[in-house]
Amino acid sequence: MLLVLGLAACTKSALPVEPSTSATTPSMPSPPAVITPGQYRWSSGGLVVTLTLKTSVGKMVVNNDTHSALAAPGIYVLDAATGKRIDGEVVGAAPVGVGDVGVFRVKFPTGVNDKDSGMVILLFGTDNYGAFAPA
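Per the numbering used here, residue 672 is the first one in the sequence shown, and the count goes up by one each step.
To be clear, the hints were calculated from the coordinates, so they are not data collected in a lab. All C-beta atoms in this analysis are idealised placements derived from N, C-alpha and C, irrespective of residue type, glycine included. Take the hints with a grain of salt, since some may be wrong.
In silico DSS-like links for lysine-lysine, alpha-carbon gap of 30 Å or less [claimed, not checked]: (1) Lys778 x Lys755; (2) Lys755 x Lys786; (3) Lys778 x Lys725; (4) Lys755 x Lys725; (5) Lys755 x Lys730; (6) Lys725 x Lys786; (7) Lys730 x Lys778; (8) Lys730 x Lys786.
Quick list of simulated restraints, FRET-style, between CB atoms [claimed, not checked]: (9) Asp771 x Arg712: 17 to 27 Å; (10) Gly801 x Val774: 13 to 23 Å; (11) Arg776 x Val719: 12 to 22 Å; (12) Pro702 x Asp771: 29 to 39 Å; (13) Pro780 x Ala743: 35 to 45 Å; (14) Pro700 x Ala765: 41 to 51 Å; (15) Ser701 x Gly796: 33 to 43 Å; (16) Glu760 x Ser701: 32 to 42 Å; (17) Met699 x Thr726: 17 to 27 Å; (18) Ser739 x Asp787: 28 to 38 Å; (19) Asp736 x Asp787: 26 to 36 Å; (20) Thr781 x Val732: 17 to 27 Å; (21) Gly763 x Ser698: 43 to 53 Å.
Throw the hints in and build the complete structure from the sequences for me.
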């Protein structure tokens, strides 16, 4: 107990403590993110997939620079208002080999459009690769 009190007494200094005056750079606001309706991108580990929707139809481009072939792509939307799953069709869906690029036409029911589609989800075979990001 005496040691603790002794340490507390030793830490009180008669010398004035000056506040830190480190230089700070004023923060500049970031420019607003530009999101183009109907433009989506998914990217990870050498796989880049872009999706362009115009109304309820569009184009998906799959660039497979991974070390594995991919099953045929699929797609669906989680409706922004209801959360309901709405399946899309990847016309002529086919596997995409290592180093290959697949270009596919995509169709959704007329209720899905490029302005308020909700969350767009990417599939390869039965594997869910997650949501596209707006581009």
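Against the structure shown, which of the earlier numbered hints fail to hold, in ascending order? Those not satisfied are hints 13 and 17.
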